[in-house]
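In case you want the letters, here they are:
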Amino acid sequence: MLSLTDVHTYYGKSHILHGVSLEVGPGEVVGLLGRNGVGKSTTLKSVMGLARPANGRVTFEGRDITGLAPHHLARIGIAWVPEDRRIFRLLTVLENLRTGLDRTGVDDARRDALLEKVYRTFPVLRERRHQAGGTLSGGEQQMLAIARAMVLEPRIILLDEPTEGLMPRMVSQIRDIVDVLHREGVAILLVEQNVPLTLAVSNRIYIMEKGVVRHQAPAAALRADPTVIHQYLGV
Amino acid sequence: MSVAIEQILVQTVNGLVNGMILALVASGLTLIFGIMDVVNFAHGDLVMLGGFVGATTMAATGNFWLALLVAAVVIAVFGAALQISTLRPLLGRDPLTTILATFGVSLVLQKYALWQWGPSARNLQEPITGRFDLFYLQYPWYRVATAVLAGAMIGALWLFLKRGTYGIWIRATTQDRIMAAAMGIPVPWVHTAVFAIGAAMAAASGVLFGPLGGVTQTMGADFTLRAFIVVVVGGMGNLGGSILASIFISLLEAYASLFVSPAQAVIVSFVALILTLLFRPTGLFVPTPK
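Quick note, the sequences are listed as chains F and L, same order. The opening residue of the first sequence carries number 1 in the working numbering; numbering runs sequentially from there. The opening residue of the second sequence carries number 1 in the working numbering; numbering runs sequentially from there.
If we strip away everything but chain L, and leave its shape as in the complex, we get (with noise of 0.2 Å):
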């Protein structure tokens, strides 16, 4: 079978655009292992959340936009409080329980928003409907769009880890929350906020997704696979190699969606993450341990 040049460009920017949202959800997740040992089981589920409350607030007002900012606010505050009242008493404790926890969260947000929002999936109307020529294709301007916010998100939140005393307090206590304390950084506060803002870039990522695959409350155990396969292979709380990983996964998928299904082709994802685990189980895109 021979591929033509045109199609390997095309799924290349299929792999970018994807690559960016998954990483939007990813960096979320791996910046709240990184600071508080916890695997979110319930990540994905925070993204339909957000695709839910964004899919709402588009059917109130019409604002695409609206909507991004409304999704991500409710979520991080909802994140907030489940940060606290499920996690924080938690926090030091064996990992397993942990696990425990989010897992069950993810079954009641699951539940509930079948409750709520019924069975069938909401979509929301895409806010720009351009389309460019790509070689054979009449390619949606907005797939670029999104890849384009995801990377500014992605690079804001950067900004802000870098810069400015919070972002300080969030590394000081991701790299040792005991010492953190100790020179008078609020650690309970400071989890929470990363909870909060992971909380949000998911809620973001599920708004964004919304027009291109639809809202259903069993999207989330989907980007949380994906998410937790990136943030592994990634190296765990690792935020450039999630990114990275994000976008080594995506491509790879999008590649070998031209000889198989697309559903096959989530295989090769599960291949890569069997690999490092295998042989770099610190991640691949993290420097060699010393």
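Excised from the complex, chain F in its bound form (with noise of 0.2 Å):
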């Protein structure tokens, strides 16, 4: 559904990918780790059309993407999930909400069903609705960040680092919503530090190194043998 060929992408004059190339089916989790620092989510970025690659092809259900605005890939089904969340800090939570349901072809019975949905996954924001998004606790902007993606109605979302800097407790909410989301048919790519998390909850692992994806092996496969994480991540 999502293929990315041979994408290599710069920041300025420093060559951050070096010919990524990988793949996420429909439905699919995919999980990507890697150390600090090696490209993973530039990745994303490249896919979002926020790092342009200058080489290499971004494909999405048959259709080039590379290099599109990112405002056409959130309408046909692509979401990103930030790494620093990205909340609107003096949106309250639903303005934060409406920047993605008030969108064309969404009528009001759809949106209030959305939002209903949203609702039910995440009671806190529901609570929080009239709240300005910066006063939400880091766990809370999370699933804020999350719940922005969900009503997009995405069919693929790209999860930069979820459950980075969350109390366990949190950390296990967002695999819950993981495996709700997949349930539901929605793809993720996944990008991880936490790898008994990434290893759980994912069907395939690409493993990166320097700019490159170096392995690639079923989830099933690396949690059954774990030499080959302990080889690059050093875990």
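No lab work stands behind these hints: they were computed from the structure. Some clues are possibly wrong.
[As the list claims (entries may be wrong)] Which chain F residues stay away from chain L? Per the calculated CB distances, all over 10 Å, these:
hint	residue
1	H71
2	E95
3	A113
4	R183
[As the list claims (entries may be wrong)] Partial selection, computed: residues in chain F whose CB lies under 7 Å from chain L:
hint	residue
5	P70
6	R86
7	F88
8	L94
9	T99
10	G100
11	R110
By construction, the Cβ of each residue, glycine as well, lies at the ideal position given by its N, Cα and C atoms.
Relying on the hints, combine the two individually framed chains into one complex.
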């Protein structure tokens, strides 16, 4: 469904991605592991049109989307939950959700149903719906970031380090959400530092090193034999 | 030198009236800066163009209110075209490039106005001619009406930003352009729309100001400078701060002109600017950043 072929991305003069190729199938949860600074987040940004690949191709459902503007990508079913969450801090929780809800082709009934769904998934957001996004706790902001992606009704979510800096209770909640989305048939490309969580929720794993994909394997295989994980990640 | 209480009250009314027109100009400037990090040095020239379009419409139709509407619409469309052709390609570049670009646009617009409308000032007939007694003065109702109208337009802008989908789009884009785009908000068009709104407000100020000071091709620079001062004093990109700063600076100038000539009174706004930059560079009317 989503595929990257030999993607090279630069920030200014620094060459970050040296030909990344990977694929995510429909409804598949794919984990992207690697140490800090190997280009995991840049891979997601290259898909989202936020870092323009100098070479290579990104396709989504058979269509070349390389370098397409991010707002087009959001409309065709790609949602991005960034590492630093990027909540609109001065907008209320409801207004944050409305940035994705108020779009053409969504009638009032559909809109209410989507809102009801995210409020059911994250009851705390209903309680805090008139509160400014910036006043939420870290965990609540992460929930809002995911909820905001969900209202776009995406076919795939690019999820960047959702558990970073969260308490264990929140981490297990994030894990539940990933499972729920997976059951609903939403594909997920998950970038994480939390290896056990990634191995538990993913179907397949890619391991990156210095801007390229070094290894790929079914998550089950890595759960059974973690030597590759030790070798690349030192954990 | 003693100053009578009546003089102070009259200057308070003058300061408020001038402050509201300035606020109308400055709120467009600050909105544009907030959303695309562009200091529009041609903003005052949009005031000037609005004034000329208004004067031309007024001459043709004799209707001031129609002139106000036509000027706002024409300059909004012009502003949109200007943003698409000049500023959109420069988005995200070094601020110096947009400063140079808008400064260049300012020069072009002034020369165009000179060529099109000539060097002499145009006066618009004020639509409300009544006066009322304000102590020792016959104070024109029109001046009060401009303040009320400017306030109404700023209020309408505020409501537009606070309620409704487009207001959310504008505020979201102002806070985080990249995330807004990732949420499917058409950021390039939001920028164009905001520039058009700012241009329309500038044009409306030009028409409202027409009967008070006349319209000349060089009036833009003065408006740009004054609006720039209040935007800095109010906190760059902060709408409420710019409005308060417009009133604050105009009142300061009005009170200062009790003691010195109006030309010298302008100095106090520069003093306020310098003191703000020295002691509170984030702006006077914004909460202390945490």
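Worksheet item: Failing hints, ascending?
Response: 1, 2, 8 and 11
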